[in-house]
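There are 2 protein chains.
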Amino acid sequence: MSTATEPPSRRSRADRARQVADVLRQQTLAGAFAGTLPPEHQLAAEFDVSRNTVRAALALLKDEGLIDRAPRVGTQVSGRKFDHGIDTLLGLKETLREHGEVRNEVRAALHLVPPPAVARRLELDRGEPAVYIERLRYLGDLPLSLDLTYLVPDLGEELLRRDLAGNDVFALIEEVSGRPLGSAELAIESVNADAHTAAALQAPEGAALLLLERLTTLDDGRPVDLEYVRMRGDRITMRGNLFRTNQPWELT
Amino acid sequence: MSTATEPPSRRSRADRARQVADVLRQQTLAGAFAGTLPPEHQLAAEFDVSRNTVRAALALLKDEGLIDRAPRVGTQVSGRKFDHGIDTLLGLKETLREHGEVRNEVRAALHLVPPPAVARRLELDRGEPAVYIERLRYLGDLPLSLDLTYLVPDLGEELLRRDLAGNDVFALIEEVSGRPLGSAELAIESVNADAHTAAALQAPEGAALLLLERLTTLDDGRPVDLEYVRMRGDRITMRGNLFRTNQPWELT
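Just so you know, the protein sequences line up as chains Z and W, in that order. Residue numbering for the first sequence follows UniProt numbering, beginning at 1 and increasing consecutively. Residue numbering for the second sequence follows UniProt numbering, beginning at 1 and increasing consecutively.
No wet-lab data here; the hints were simulated from the structure. Because the structure is a prediction, the values reported are computed rather than measured. Wrong hints could be hidden among the right ones.
[As the list claims (entries may be wrong)] In silico contact screen, one side only, chain Z against chain W (beta carbon under 10 Å); selected entries:
1. Q27
2. G31
3. L112
4. P114
5. Y138
6. G140
7. A187
8. D194
9. R230
10. L242
Even for Gly, the Cβ is constructed at its ideal location relative to N, Cα and C.
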């Protein structure tokens, strides 16, 4: 520590704990600790804070489900988080290939006349049917996301005959359409899990979720797939690169 | 509604309510309703569900802080959400220019020896000082985000002399370095607000937040700015486009 524009003493322990927690979170997610975090006194020295501040920081990470603490055992990394890219358009199974098998519990797979707002986004005529698929997606035994999917009727009809439990919808769309996906419009929100969603995802009610809305088009620009995806915030990190200019996109 | 691979009757009201809520959320955010949502019976017809299901869907959106409901007045859009891009690297003030003035309450602006994990990411020598800035960022009177910022010493030193309350750190970095920013590594997580953060952001304890970790480099590739940003989930949506291939990035 050192010279300060305002005295460090004016900063509350909670402020300093948050500051420590953010760096420890990033280190934990990056795999800097082999299962066990360094002891409190070492963290206190590294961050130039008191042990009480370290304890407050660790309490924040424990509340996030990232670490566990126990007397004698110390501080253990408890929660694994997985990276999901925001640079490229990949399904969950493709994304987590190296971590294990993604399987889908198909909760619904049916025809419906979509509400007008969905029909417009999929460029369907009013009253034209669509296919609706709802899946709870697991990595091994861990529920990661609950996905609500509206598909255009021609492709959706074909998808209903495929193995929805074992494949990404993206892969199946490319298979049945014979075309690659093009791009997607993505919105990412953070919402608290309602009781029913929390139960499905085996998370506490109110748990912070990543809520994605994603409209995906084929490479010919046709919108085919509108999804609402709820991911457990304690298990998924969205990760990618941003550029200051639009240059990369202007080149496409 | 219509033919179904599994009978729609097997789907619980909660499942159907979530399905309706997701589409209504997107319509609300897109400004489809001029302040007031359509009456229940109209929504029930559009979504082909019962009025009880519509009520359950609206209850979910009310819990998210997006709408208010009152007898006779009906269902009002209550919460404004603002889009923050994940396509390009922009500061909050630049992003929200058309919505109003972003002002920053500077909670800390000081020199410190950063913890080793921060020093490594900013490519500083161990023991080399950095500048730490903490800001609570408002759009008008609405607190939107709490930002913790570590800056390399040469640029950080200059920034401490600038108007941190009225400018984006990004703009100030470009001003004092004389170079444009290049790119940033971004991680987006969803976390529940701890009590202290919730108080600062004037949000309920446990409220879902977007937590961004962002390491920004100048156009010469030098990392200069490591930030931890907590945004109110009920006020910010991250939005952008994804492409199926890496092609756009390979061209840069």
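Hints versus structure:
no.	hint	verdict
1	Q27	5 Å, holds
2	G31	12 Å, violated
3	L112	6 Å, holds
4	P114	8 Å, holds
5	Y138	18 Å, violated
6	G140	21 Å, violated
7	A187	5 Å, holds
8	D194	6 Å, holds
9	R230	9 Å, holds
10	L242	4 Å, holds
The structure shown violates the earlier hints numbered 2, 5 and 6.
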